[in-house]
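> The chain contents come next:
Protein chains: 4
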Amino acid sequence: MDERAMRAVRKERPEPGAVLSRLPVPEPGPGEVRVRVAAASVCGTDVSVWHWNEWAARRVRPPLTLGHECAGTVEAVGAGVDPRRVGERVAVETHVVCGRCLACRTGDGHACANVRILGLDRDGAFADRLVVPATNAWPVPDGVPWHVAALLESFGNAVHTALAQPLTARTVLITGAGPTGLGAAAVARAAGAASVVVVESSPERRALALRMGADAALAPDEADAGAVRAAAGEASGVDVALEMSGSPDALRLCLAAVRSAGRVAVLGLAPTAAAVDWAEGVVMRGVAVQGVTGRRLWQTWLDATRLVARGLVDLSPLVTHRFPLEEVERAIETAAGGHAGKVLVEIGGGSP
Amino acid sequence: MDERAMRAVRKERPEPGAVLSRLPVPEPGPGEVRVRVAAASVCGTDVSVWHWNEWAARRVRPPLTLGHECAGTVEAVGAGVDPRRVGERVAVETHVVCGRCLACRTGDGHACANVRILGLDRDGAFADRLVVPATNAWPVPDGVPWHVAALLESFGNAVHTALAQPLTARTVLITGAGPTGLGAAAVARAAGAASVVVVESSPERRALALRMGADAALAPDEADAGAVRAAAGEASGVDVALEMSGSPDALRLCLAAVRSAGRVAVLGLAPTAAAVDWAEGVVMRGVAVQGVTGRRLWQTWLDATRLVARGLVDLSPLVTHRFPLEEVERAIETAAGGHAGKVLVEIGGGSP
Amino acid sequence: MDERAMRAVRKERPEPGAVLSRLPVPEPGPGEVRVRVAAASVCGTDVSVWHWNEWAARRVRPPLTLGHECAGTVEAVGAGVDPRRVGERVAVETHVVCGRCLACRTGDGHACANVRILGLDRDGAFADRLVVPATNAWPVPDGVPWHVAALLESFGNAVHTALAQPLTARTVLITGAGPTGLGAAAVARAAGAASVVVVESSPERRALALRMGADAALAPDEADAGAVRAAAGEASGVDVALEMSGSPDALRLCLAAVRSAGRVAVLGLAPTAAAVDWAEGVVMRGVAVQGVTGRRLWQTWLDATRLVARGLVDLSPLVTHRFPLEEVERAIETAAGGHAGKVLVEIGGGSP
Amino acid sequence: MDERAMRAVRKERPEPGAVLSRLPVPEPGPGEVRVRVAAASVCGTDVSVWHWNEWAARRVRPPLTLGHECAGTVEAVGAGVDPRRVGERVAVETHVVCGRCLACRTGDGHACANVRILGLDRDGAFADRLVVPATNAWPVPDGVPWHVAALLESFGNAVHTALAQPLTARTVLITGAGPTGLGAAAVARAAGAASVVVVESSPERRALALRMGADAALAPDEADAGAVRAAAGEASGVDVALEMSGSPDALRLCLAAVRSAGRVAVLGLAPTAAAVDWAEGVVMRGVAVQGVTGRRLWQTWLDATRLVARGLVDLSPLVTHRFPLEEVERAIETAAGGHAGKVLVEIGGGSP
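Here the protein sequences line up with chains E, W, B and D, keeping their order.
Using our numbering, you'd call the opening residue of the first sequence number 1 and step up by one each time.
Using our numbering, you'd call the opening residue of the second sequence number 353 and step up by one each time.
Using our numbering, you'd call the opening residue of the third sequence number 705 and step up by one each time.
Using our numbering, you'd call the opening residue of the fourth sequence number 1057 and step up by one each time.
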């Protein structure tokens, strides 16, 4: 391969689809590093941008390299970055935060008001090379294989949501068993939850949920609040509900199934305004609701890395499909189908 | 007065209104005390029960003595209660909790799943005498006059909502300046909030809000998120929003005006399911929403009592109207008008 | 057996030892229940009282029935207690709290300023029957055998200490592997700790620690801060240290081994004032230290019960010795030896 | 003045004292800014370094410019810093943190394991010009005069300690009324503490404590736990104790005076290992102890700035002495006397 050129999946115009192009290898600027991408995984956001739905059309300004969840090896550093980082295995935090806004200044950088996101606001990870700020390249121990390292960003969403409250000895409902919900089920199991009940429409994903550590997996049409409470073994309601699906019905189920003074953490993005019974569901029962976005910088990365590196969570079953970079469109469509676990795009990774 | 009989405002039948009747003085059972009521205040709930709206018709089973917010003097104790409590000045917690449900057992008795409420589920406080569990009779120092002591239960809602998060050096929005919102403004000011912005439709209540410590009081039609942020002196959004009105529009304003990673505490009861933009308002900005009900048992009572007893909050301006028990209907209608502060029913209180 | 008499281990006089006597079966007063004791376990406190050390001589006023950790069946209830509780299997909370002090009133009843303790301040559990307040009799599911149920009070100390901070994905040091330290190791493992390092002088107990879930068990003379950090796999120091031994050296090790901004929870009772380097150990590194006493009422009991009932923690290996009530002195001396796990006194328990 | 030269208070050799020298004006490196110093204030650390006590001899490597607490105007920026910052009024955070250690990565940068401190590890603030990382130059609103801005770093210690727990409606003990303890008293008053009791040996400082908002100021020889509790109006003990003196006796007083399940925050640095009764003082009463160092980055700066900018705390009374840079030795000796409030060194500040 020509060391000055690289492959990249480019959306050239504001329309559906993208093309595999050749681009010059980018140089890292001050404070940045260049990563040789080993593997990337497909996120629902990637599907939206590829399909160019209404949200994507509003948000994204082509031309742009797509993709964001990835892992690889640092191969060059910009001015001011420790040159010993060359050769470091890293996973990539895809939120580039400003460091100056009120949230960034007070320990909540994950909620940065000026965040720029790889694959949305600047060139992303479906490419041989990627340039990111040095702090966004998170070191990964040798024992973590590429296909797991590439999942750490997405798994970080699961960790952030799950560990937003204590789970040990708590009863837990998870609505949605896409890859992030499945990761949350694994975290809840690793954290010693008293019971983990998953609600999910896809039978494949329900089966995967049980494999990842759920005690029960229900279809939405059989999962009212009573059924959830019964499955959790606690008639008073679950202590914690994690909404990972983006479905307003699921959000309402979380509020109905949680116990008085319980907690609901919401990662799923409902497409439109969702009506809920605030008086009964939130106020009169003293329920706490936590919106969750991104990953805490960097507590979540530390937690996620330790969970996989020390064998407390095994993400391997999540990877149900793998494609080379040339077949990125098949990867996107497989993820779009709603029955897969995590879909991996293998780019430059050797073993491990 | 015949010591074996007493006056009581009774709803005899499932229909609007109530009558001032004579009833036998009740005897306290085991673990209970009898309180000679000095003063009671009128709550929105009392108005609903009096007017017999849809909610009241579903919830209340006459016959019943109305009213719940009150203060008075312990005059008799039941079996197992320290007889030295006779003569004690007390304010009354109106939630009688079960002590056995999951919430009660884990420090969240305010969210008891089996709560019974004075004036709704058992005889209330618009009467010369009232019987409650001994633990529900909270001691009040001598320096707190009856008209303030009678407000402690209602003020407790304000304290619970306001102190559900740190307020010192924080920018605060309060939507709704009914008596509870006004109390919250006073607490925020006492707690050293950086700024306190109130949004309220009644001009009288806006004026009262400024008197209770708000820095700015806006009418709803001039109060979009930008105006609130400007009034709070923080373009990034307020750190904390307290929803005390029950209006879905106000709830949406809270979510729009709060900063990324900020907090919203909700005490107001929206009458129907309220649609909010969860993705933008809660999830993507990492906002925390806390439903608030009742008063923490008994941290809130301790806090509320200290705030008034040590002169940190002056509740006197809240009392805008006073009526004798015979004029309870006028008291109810004055409270129903939406422009009053707190309406007091004076029953048996001498000085102080 | 005469149903009006029972066996009880009595300390009759302020001196070492105790005798197995016959006493009338006690009647439960208002709000109390009588428990038919199935099994009790031996605590270090029981040893102190039996041996009549200086602390015991100061604290205890004979005559008194000894013992406190126990489980059994409710067989009679006093006035005001639900008679359906007869037949209920229970474990016993041995702290009888006042419910009126500042700590009790603000959610911290475990730190009651007027606590009275079974076997110290009122008759205890080394007896066929025991009378306690009804709230102190905590229901235990059928699947939990007596020898585990009897350990729940002691295990509750471990749960309270361990869950005083998040443990999932955290590195944890535990100093002292007596029964409580061993229980804490099991909780840390169940909670998904990244690593659990135990420091303990007894080789038997170190072996037991590994069996209960520790990743490493070090002898004190090989365990300086560096060795602990190495064993935990985190050169910066452990996130959490749990001091369960009462040794000042162990406390100093906890402060030396914990990372900057880490947490130390202390359950062990140092016999005398212990000198530590506050400036370096606590202040300049921003460390938090939490004193732990008793069990949170009743969150800890809920957590402990779920952990054992749902199979997340197996306490059976902790029970290394069993004696009938007649051999209580051998039970005491075995516990006093410092090499046992938990020593059980079997009183009236059938299966399970 | 020659724009290429500046005055600086230099410790040239490892011995007591320092000299006012002329040095070249330093250039800011990448990511740094140069500040034209308006005013600096004297910290106990400056006194130690000037007097060259044992601790200083161990820690400091001359030659070095002394001083660290200061405020001034950005007059030049290094590569990568927004040039619009030139002209910005700033106060200076004196802890230069590494950003890479575990504490820095998990939201606890104030406890950085590799911190370098101005005036100890790199050139400090008793000079016409100072170079610091751009993030260490905290913007200060126009309304805050230089003599207050210069105090923000020191006041930040007070804010960090005081706001390490809720203070509204809480009873508070503060041991030590040096400038930081006095600042803490002002914060506690602004935060709506139920009562603020200060213990301090200097009569001048006790008087100042009352002026800053304390309700009572006791001399150490009259301040046992009972006297503190009486002065706080709470026989059960104070909710919160803040140790700001570094005296072991004061630490023991904090532990004795705090209530069961109360909190003690410790900023004072005891010179040697301090023996406390851990069993009685911390463990058996379930007390939490928080070591406090530096300022939370940057929540504390935000809080401190708002408290002074919005008039909630008036720091002006703290400034009891002012000296020009030429008289820095008198400034140091005045601070060393133990009776002053804050001693200011005026360097280049005009109005305000």
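These are computed hints drawn from the structure, not numbers from a lab.
Ideal placement from N, C-alpha and C gives every residue a C-beta, glycine not left out.
Each hint should be verified, as a subset may be incorrect.
[As the list claims (entries may be wrong)] Counterexamples of contact, computed for chain B against chain W with all Cβ distances above 10 Å: (1) V723; (2) W756; (3) G803; (4) A979; (5) Q1003.
[Claimed, not checked] Okay, the calculated beta carbon distance ranges per label pair: (6) G143(E) with N1170(D): 25 to 31 Å; (7) R452(W) with L914(B): 49 to 55 Å; (8) D1277(D) with R1034(B): 50 to 56 Å; (9) L914(B) with D629(W): 40 to 46 Å; (10) A409(W) with R804(B): 37 to 43 Å; (11) R804(B) with P376(W): 28 to 34 Å.
[Claimed, not checked] To give a feel for the contact side, a few chain B residues facing chain W, derived at Cβ under 10 Å: (12) R740; (13) A783; (14) R793.
> Are the hints correct? Go through all of them and say.
Structure-based check of all given hints:
The beta carbon of V723(B) is kept farther than 10 Å from every beta carbon of chain W, the shortest such distance being approximately 35 Å. Every CB of chain W is more than 10 Å from the CB of W756(B) (nearest about 35 Å), matching its label as outside the interface. In this structure G803(B) is not separated from chain W by more than 10 Å, as the shortest Cβ-Cβ distance comes to only about 8 Å. Remark: the non-interface label on A979(B) is consistent with the geometry, its nearest Cβ contact in chain W lying 35 Å away (cut-off 10 Å).
Not every beta carbon of chain W lies more than 10 Å from that of Q1003(B), the smallest distance being close to 5 Å; the non-interface claim is violated. Checked against the hint of 25 to 31 Å, the C-beta distance between G143(E) and N1170(D) comes to roughly 27 Å, which is consistent with it. Between R452(W) and L914(B) the C-beta distance comes to about 40 Å, which lies outside the given range of 49 to 55 Å. Checking the proposed 50 to 56 Å range against D1277(D) and R1034(B) shows it holds: the Cβ atoms sit about 54 Å from each other.
Under the hint 40 to 46 Å, the C-beta atoms of L914(B) and D629(W), about 53 Å apart, miss the expected range. Taking the beta carbon of each, A409(W) and R804(B) are about 40 Å apart, inside 37 to 43 Å as hinted. Between R804(B) and P376(W), the C-beta spacing of about 31 Å keeps the proposed range 28 to 34 Å intact. Of the supplied interface hints, the one on R740(B) is violated, with its beta-carbon coming no nearer than about 22 Å to a beta-carbon of chain W, more than 10 Å.
Interface restraint check: A783(B) against chain W, minimum CB-CB distance 7 Å, threshold 10 Å, status holds. Interface hint at R793(B): violated, since its Cβ lies 17 Å from the closest Cβ of chain W, which is beyond the 10 Å cut-off.
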